[in-house]
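Asks: Below, each chain spelled out in residue letters.
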Amino acid sequence: MRTKTNDGRFFEDYAVGQVINHAVPRTVKMGERALYHMLYPARHALYSSDQFAQTCGMPFSPLDDMIAFHVVFGKTVPDVSLNAIANLGYAEGRWHLPVWPGDTLRSRSEVIGVKQNSNGKSGVVWVRTTGLNQNDETVMDYVRWVMVRKRDPEADAPEPVVPDLAKVVAPDTLVIPRGLDFTNYDFTLAGEPHRWGDYEVGETIDHVDGVTIEEAEHMMATRLWQNTAKVHFDTSARPDGSRLIYGGHVISMARTLSFNGLANAQMIVGLNGGAHANPCVSGDTVRAWSEVLDKAETSAPGVGAIRLRLVATKGGAPFDLRGEDGKYLPNVLLDLDYWALMPV
Amino acid sequence: MRTKTNDGRFFEDYAVGQVINHAVPRTVKMGERALYHMLYPARHALYSSDQFAQTCGMPFSPLDDMIAFHVVFGKTVPDVSLNAIANLGYAEGRWHLPVWPGDTLRSRSEVIGVKQNSNGKSGVVWVRTTGLNQNDETVMDYVRWVMVRKRDPEADAPEPVVPDLAKVVAPDTLVIPRGLDFTNYDFTLAGEPHRWGDYEVGETIDHVDGVTIEEAEHMMATRLWQNTAKVHFDTSARPDGSRLIYGGHVISMARTLSFNGLANAQMIVGLNGGAHANPCVSGDTVRAWSEVLDKAETSAPGVGAIRLRLVATKGGAPFDLRGEDGKYLPNVLLDLDYWALMPV
Amino acid sequence: MRTKTNDGRFFEDYAVGQVINHAVPRTVKMGERALYHMLYPARHALYSSDQFAQTCGMPFSPLDDMIAFHVVFGKTVPDVSLNAIANLGYAEGRWHLPVWPGDTLRSRSEVIGVKQNSNGKSGVVWVRTTGLNQNDETVMDYVRWVMVRKRDPEADAPEPVVPDLAKVVAPDTLVIPRGLDFTNYDFTLAGEPHRWGDYEVGETIDHVDGVTIEEAEHMMATRLWQNTAKVHFDTSARPDGSRLIYGGHVISMARTLSFNGLANAQMIVGLNGGAHANPCVSGDTVRAWSEVLDKAETSAPGVGAIRLRLVATKGGAPFDLRGEDGKYLPNVLLDLDYWALMPV
Numbered sequence: 001m002r003t004k005t006n007d008g009r010f011f012e013d014y015a016v017g018q019v020i021n022h023a024v025p026r027t028v029k030m031g032e033r034a035l036y037h038m039l040y041p042a043r044h045a046l047y048s049s050d051q052f053a054q055t056c057g058m059p060f061s062p063l064d065d066m067i068a069f070h071v072v073f074g075k076t077v078p079d080v081s082l083n084a085i086a087n088l089g090y091a092e093g094r095w096h097l098p099v100w101p102g103d104t105l106r107s108r109s110e111v112i113g114v115k116q117n118s119n120g121k122s123g124v125v126w127v128r129t130t131g132l133n134q135n136d137e138t139v140m141d142y143v144r145w146v147m148v149r150k151r152d153p154e155a156d157a158p159e160p161v162v163p164d165l166a167k168v169v170a171p172d173t174l175v176i177p178r179g180l181d182f183t184n185y186d187f188t189l190a191g192e193p194h195r196w197g198d199y200e201v202g203e204t205i206d207h208v209d210g211v212t213i214e215e216a217e218h219m220m221a222t223r224l225w226q227n228t229a230k231v232h233f234d235t236s237a238r239p240d241g242s243r244l245i246y247g248g249h250v251i252s253m254a255r256t257l258s259f260n261g262l263a264n265a266q267m268i269v270g271l272n273g274g275a276h277a278n279p280c281v282s283g284d285t286v287r288a289w290s291e292v293l294d295k296a297e298t299s300a301p302g303v304g305a306i307r308l309r310l311v312a313t314k315g316g317a318p319f320d321l322r323g324e325d326g327k328y329l330p331n332v333l334l335d336l337d338y339w340a341l342m343p344v
Numbered sequence: 001m002r003t004k005t006n007d008g009r010f011f012e013d014y015a016v017g018q019v020i021n022h023a024v025p026r027t028v029k030m031g032e033r034a035l036y037h038m039l040y041p042a043r044h045a046l047y048s049s050d051q052f053a054q055t056c057g058m059p060f061s062p063l064d065d066m067i068a069f070h071v072v073f074g075k076t077v078p079d080v081s082l083n084a085i086a087n088l089g090y091a092e093g094r095w096h097l098p099v100w101p102g103d104t105l106r107s108r109s110e111v112i113g114v115k116q117n118s119n120g121k122s123g124v125v126w127v128r129t130t131g132l133n134q135n136d137e138t139v140m141d142y143v144r145w146v147m148v149r150k151r152d153p154e155a156d157a158p159e160p161v162v163p164d165l166a167k168v169v170a171p172d173t174l175v176i177p178r179g180l181d182f183t184n185y186d187f188t189l190a191g192e193p194h195r196w197g198d199y200e201v202g203e204t205i206d207h208v209d210g211v212t213i214e215e216a217e218h219m220m221a222t223r224l225w226q227n228t229a230k231v232h233f234d235t236s237a238r239p240d241g242s243r244l245i246y247g248g249h250v251i252s253m254a255r256t257l258s259f260n261g262l263a264n265a266q267m268i269v270g271l272n273g274g275a276h277a278n279p280c281v282s283g284d285t286v287r288a289w290s291e292v293l294d295k296a297e298t299s300a301p302g303v304g305a306i307r308l309r310l311v312a313t314k315g316g317a318p319f320d321l322r323g324e325d326g327k328y329l330p331n332v333l334l335d336l337d338y339w340a341l342m343p344v
Numbered sequence: 001m002r003t004k005t006n007d008g009r010f011f012e013d014y015a016v017g018q019v020i021n022h023a024v025p026r027t028v029k030m031g032e033r034a035l036y037h038m039l040y041p042a043r044h045a046l047y048s049s050d051q052f053a054q055t056c057g058m059p060f061s062p063l064d065d066m067i068a069f070h071v072v073f074g075k076t077v078p079d080v081s082l083n084a085i086a087n088l089g090y091a092e093g094r095w096h097l098p099v100w101p102g103d104t105l106r107s108r109s110e111v112i113g114v115k116q117n118s119n120g121k122s123g124v125v126w127v128r129t130t131g132l133n134q135n136d137e138t139v140m141d142y143v144r145w146v147m148v149r150k151r152d153p154e155a156d157a158p159e160p161v162v163p164d165l166a167k168v169v170a171p172d173t174l175v176i177p178r179g180l181d182f183t184n185y186d187f188t189l190a191g192e193p194h195r196w197g198d199y200e201v202g203e204t205i206d207h208v209d210g211v212t213i214e215e216a217e218h219m220m221a222t223r224l225w226q227n228t229a230k231v232h233f234d235t236s237a238r239p240d241g242s243r244l245i246y247g248g249h250v251i252s253m254a255r256t257l258s259f260n261g262l263a264n265a266q267m268i269v270g271l272n273g274g275a276h277a278n279p280c281v282s283g284d285t286v287r288a289w290s291e292v293l294d295k296a297e298t299s300a301p302g303v304g305a306i307r308l309r310l311v312a313t314k315g316g317a318p319f320d321l322r323g324e325d326g327k328y329l330p331n332v333l334l335d336l337d338y339w340a341l342m343p344v
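Chains as they are written, first to last, in this note's numbering: chain G, 1 to 344; chain C, 1 to 344; chain X, 1 to 344.
Source of the hints: derived by calculation from the structure; they are not laboratory data.
Given the structure is predicted, the values throughout are model-derived calculations rather than measurements.
Errors might be hidden in some of the hints.
[Unchecked claim] Taking lysine-lysine and the BS3-like style, the derived pairs with C-alpha atoms no more than 25 Å apart in a straight line are:
1) X/K121 to X/K230
2) X/K295 to X/K167
3) C/K295 to X/K4
4) X/K295 to G/K4
5) G/K121 to G/K150
6) C/K150 to C/K4
7) X/K327 to X/K115
8) G/K295 to C/K4
9) G/K150 to G/K230
Just chain G, with the same shape it has in the complex (with noise of 0.2 Å):
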């Protein structure tokens, strides 16, 4: 008699050209997002107000982005990263169609690259993740690659494939929901008077807020997402019996305290890339900063595309990245590139 239980895969049970259909669709509703304003402080007002989101041409406000992303990547946790040494990196990611209370989802990747390291004992494996709703359309896809151990570290390594990926989303692949219209845009509900057109390539914003992180509050967020990883959960997982906040989390915390100097980047729609420089735990206090680093129009009427790095720290001085050796602060724990919407 075998064990039943899922001991997750190892860096030889991949290979490139494998698809995994990654188990427990989701139906999320309105009780998905209340949770959501609740963990963070998110108030990004057409993700808060049906009203505000029809000014903005949406039949009604639909699930907040990084919903969709922790819940299509919470499903790929048993079968990409439950052995998984690091999270190393994401890109292409691009958010396809909004989710809308009563939407099911679910996840599916594609392996697109495996490379041994030269000490034999693991190996990075990059996946192309989808996620689909009910009608098999994709609410968003991302590629992201991980450090993962192997099983037999005497076994053969697999010839290596690295995938070619795209450093930033170029901003004319980008989706915007259809309908969306910022010409009627009501920047006293939003909270800021600050469109598009004032902010400059280059420019930097502290987000001046801070959290101090609790282990309730980052083990209900990352179970909310049904992502199993035992490090965030059991003290007992890791030498200094500390849980390892999941870096959703941090990237959650960091998207809505930026709200303070982002408003009005209401909608994130491509992720170009993103590093968890340091481990987050329990009782750091999270801050944010964004620096803008590019700008691109967009189709739609009144909508225009901002190129954001949103870097979360937990201490050191704002606009602070890297060393003189080049590597992350200490006190960074969150290096992300994203495009999101703003009116013009």
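Model the placement of chains C and X on the given structure of chain G, informed by the hints.
Replies: Just chains C and X, lined up with the frame of chain G:
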């Protein structure tokens, strides 16, 4: 390039007659109610069961009275109390309409008083805040006053205007929800047999139960209402490293604890006054006691109004409120004065 | 003027044949489900996805089986276990109807046994509790017995009545939800390939994952079910200052952890017995293991019943249950015996 971050208003930014339309309207649904019942021991049957609400003449169960207050209050924080030193009081509060799932709430405040303190460093600002729904109907309004820092201590003092506020909301001005009818009230399902006629003015009730407060809970509650005041979230915001608990968290905790002895005080309809007597921090065990201050008949069938003092404590004996010096005892957290509706 | 606060019933307040209609009916919706999936690592697909539920013959996804149990149980606490010394056992539990969003649940208990303890200070009370929906249909029922303090140790002992309870719910009396059909069951989406036929009586499964429990989480879970027992919330209620975790929190944590190895044990339909072997407090890391106790066929297409022992621990080796003295080992938290439905 000036900063885009909101650092809040200071005392000299307020002038009598100003109207502030607060940002980020919020659509509330049953998810928010589920959260309220997770964060507080809420058990008043009218806010728990559609069927119970129907026997009381309502189409179904509305969102809890205090959800309306918290959402309306939360929106005012970035404009009114980000630089507040203290939340000094409430008056003339009335609930005008129940909040139904799907309603979108926003807030507007009018400055009705300003008075610089004698130290020249701060002043008191009075605002009348109105919560509106998507049909521009008033769901509640109340006056509150806060002590706010000056940006520039050298700035001139404005002409002092101190509004003349009613000590008590006159019971004949309380708004009874349309259709409310307690003639078929089910005392068994409500949880207690005591009717309006059973309470005597001067009577005191010890609500017995206590809840020890956790950081994660008060932060989630406060965030849920999109209240962004730093002191609630950031351990570096106060010299002692503690997070100050949102006064509204204490109000909701005390109100819901008061079920035990006041299970039939179903709906709050008037807020006569209130003081946050001492700070509450994580680890405090909150208890509550009430005193019947007054009673009034209403025009609705079977419905009586009861005026209650609700006191929250973090220790000490019930019914002790002030010391010999007339000041609140150090264990008193809250002294609230409100009108509720009960079956006669 | 007598006190209006409920101090609970004592042993001498119970008599065989009494029927108690418990207070505060509760309308549950998808918000409660979202919370359940935030508080526990719930992943059984039938309770996660409307589409998955539809392929199993249901109109859409019902609320999790244990939500029904917790809501029904919570209502009984003020009348049954406020003065309980210990929750001794469960028997003859059956789920009769799925709970759908919008259902309003209430509870009724009949006293079916009383027996004073030899010390004269307390006694055991048996109640059969029925959970009803808004149509007065039974959604679940079960027997539990508790040890309750006497108000007056001098009070006469009642005639002892000890009910004759079935050791196991007979599998042919289990209620299969109308329409349930596992012939089109999607094992990939469900998360594991193991079907009813793959499990052998006597087989044991270590569910591997662990969750370290936080105060905020267990209090929110317990409050969500309107369970008001002081020991769960108030650090001053127990001599050691710890808050005792609601036994149902441990049940739900263990049941959801058991997904890993029992992902296809979709629905709990029978509760044969259960013991809360040792107290659980914040900081404990809960793990779970299961043993297959029995299997039975059902009349529903593709649906088999499996009888499982579910053991929750806070340490120690999996599959260890009792010491040489026959008593539960100190690390055992829960020993539950239930029937679930699986695809054959």
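Asks: Confirm or reject each hint.
Replies: Do the hints match the structure? See the list:
Taking the CA atoms of X/K121 and X/K230, the gap is about 21 Å. The hint holds against a cut of 25 Å. For the proposed pair X/K295 and X/K167, the alpha carbon gap of about 16 Å is at most 25 Å, so the pair holds. For a cut-off of 25 Å, the pair hint linking C/K295 to X/K4 stands: about 17 Å separates their Cα positions. The suggested pairing of X/K295 with G/K4 holds, with an alpha-carbon distance near 17 Å, which does not exceed 25 Å.
Restraint check for G/K121 and G/K150: satisfied, since their Cα atoms lie roughly 6 Å apart, inside the 25 Å limit. The suggested pairing of C/K150 with C/K4 holds, with an alpha-carbon distance near 21 Å, which does not exceed 25 Å. For a cut-off of 25 Å, the pair hint linking X/K327 to X/K115 stands: about 23 Å separates their Cα positions. Between the alpha carbons of G/K295 and C/K4 the distance comes to roughly 17 Å, so the proposed pair stays at or under 25 Å and holds.
With a C-alpha separation of about 18 Å, the suggested pair G/K150 and G/K230 falls inside the 25 Å cut-off, and the hint holds.
In summary, this structure violates none of the numbered hints.
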